[in-house]
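Colleague: Same order as they appear, the protein sequences are chains A and B.
All residue numbers for the first sequence refer to numbering that gives the first Met the number 0, where the first residue is 0 and numbers rise by one.
All residue numbers for the second sequence refer to numbering that gives the first Met the number 0, where the first residue is 0 and numbers rise by one.
The set of hints was computed from the structure by calculation and includes no laboratory data.
Do not rely on the hints blindly, as some may be mistaken.
What the hints assert, rightly or not - Pair by pair, the computed Cβ-Cβ distance ranges are:
| # | chain 1 | residue 1 | chain 2 | residue 2 | range |
| --- | --- | --- | --- | --- | --- |
| 1 | B | T5 | A | G85 | 24 to 32 Å |
| 2 | B | T189 | A | T134 | 41 to 49 Å |
| 3 | A | N63 | B | E34 | 45 to 53 Å |
| 4 | A | S9 | B | E219 | 42 to 50 Å |
Just so it is clear, the structure is predicted and the values come from calculations on it, not from any experiment.
All C-beta atoms in this analysis are idealised placements derived from N, C-alpha and C, irrespective of residue type, glycine included.
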Amino acid sequence: MRIEDLREASDAKLVVAIGRYSQEALAEAYRRHGGAAFGLAQRLVGDRSMAEEVVQEVFLRLWNDPDKFDPDRGTLRSYLLAQTHGRSVDLIRSESSRRRREEREARLNAESGYDLEREVIDMAVGDQIRNALATLADGEREAIELAYFGGHTYREVAAMLGQPEGTIKSRIRSGLTRLRSALVETGVVGSGA
Amino acid sequence: MARERTPAEIEELLGAFALDAVDAEEAEQIERYLEAHPEARDEVAQYRETASMLAFAGADAPSGLWHSIVASLEDEPPRLVLPATDPTGDPPPLRMPEIPSRPRGVDPVAPADDESAVAPVVAIDTTRPRRSIAMRVMTGLAAAALVLVALLGLEIDRQGRQVAELTSALDRNAIESAAALAARTPGVRTTEMRSQIGGRSARVVLLPDGSGFVTDSNLERLPADRTYQLWALVGDEGDPTAISAGVLGNSPSTVPFRFSGSAFGFAITDEVRPGVVSSSQAPVVVGTF
């Protein structure tokens with residue numbers, strides 16, 4: 000596949016090309032999604048070199064195991080970001096000192112209010128996402144923010160917010176469901192998986 | 000022993016699981032549950048898709064990071080023996096260990112073409128489809144005798160493709176800037192490789208982490224079917240070993256490479272494209288640190 004073709008290729012075609020050892024295809028995947036993956040990793044681990052390690056590992060995993068990406072279950076972007084998030088969370092949970100610092104920071108955030116909108120400010124679809132976020136109840140936003148961007152477990156979030164664990168589980172789930180409905184309504188994400 | 004959760008309890012955890020917000024023991028139970036419940040798998044996939052929309056996306060992907068990713072795709076390069084250069088005369092040809100004859104490419108059914116007459120060159124069919132796990136095992140058993148040569152071929156092919164892919168994926172100016180920055184980095188080692196005659200030269204800039212650049216080259220342009228190849232010189236300076244550090248193309252300007260071993264110098268040879276496992280050519284330029 001030529002480089003010009005790769006620029007136009009769907010994520011699924013890109014991953015097929017990666018499966019055929021096309022480094023051009025991997026480069027295109029990196030061009031499309033490397034920035035988002037790096038931004039998320041850096042937001043989570045709070046350290047540039049560790050974030051680079053995470054992203055490198057994620058793209059190596061894509062190179063070595065492209066079959067793990069299932070286009071029927073979501074976009075390549077969401078797949079790579081889920082991988083990035085998982086690996087970042089593993090890292091911050093394995094470093095107790097960093098973890099304590101993260102918790103302190105998250106507690107400060109919890110006291111001073113959340114800013115999910117700021118996280119999406121530069122996205123092309125930022126307006127739709129901000130509108131979708133506006134549909135969430137405050138408790139849902141807090142729980143999702145602390146879990147997703149703080150890298151905390153729901154138990155930790157419950158302790159931080161002084162809420163029962165069951166409440167936090169429910170808020171995360173209902174918040175994600177509500178958010179998804181709003182994004183589907185505006186066409187930002189498809190109605191399928 | 001961990002308490003086994005009910006399906007209702009697991010369903011309630013799917014949102015937290017999608018955000019990696021459960022502990023390891025819970026994650027294990029949920030993953031088992033997902034294997035048997037496709038609708039729950041879909042729900043998690045939807046949550047992850049939704050969460051991914053929240054991730055910051057304003058920054059460009061760091062180009063230096065892409066360089067690291069490409070470098071980490073490389074396998075251990077093949078080795079060959081290089082005799083010491085004679086400073087008083089023409090550089091001697093590279094001396095190499097016995098390399099068995101090999102098929103063209105890693106795919107044993109890939110058709111050979113006329114270029115296969117060039118013995119040391121190994122190429123890969125880059126459109127070769129990846130096989131399923133079962134097929135990999137079966138084919139692996141059948142092709143066990145070809146594994147070594149296939150790996151050698153893959154290495155050379157990857158080195159050969161590295162230049163083209165890097166230059167296409169990264170902005171040329173970014174490479175030039177990275178090389179200039181590397182040259183000013185504390186701990187960097189540089190060597191000016193020079194020819195015995197003709198005033199040809201090129202500089203190697205090697206960072207402590209093994210990443211490096213060939214810069215400031217005035218090597219003459221080669222025909223399209225030939226390429227310059229970079230070799231790291233390691234071991235005893237009196238009887239050095241040369242390790243392929245990358246293929247530079249037929250008209251190199253600034254080219255990134257990676258070599259993590261302990262090199263005391265570098266050499267460049269003129270080879271048949273896409274590069275060779277072992278060389279019989281005299282170095283065009285040689286330099287030591």
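Colleague: Determine for every hint whether it applies to the structure shown.
Modeller: These are the hints, each one checked on the structure:
no., hint, verdict
1, B/T5 to A/G85: 24 to 32 Å, "25 Å, holds"
2, B/T189 to A/T134: 41 to 49 Å, "59 Å, violated"
3, A/N63 to B/E34: 45 to 53 Å, "22 Å, violated"
4, A/S9 to B/E219: 42 to 50 Å, "43 Å, holds"
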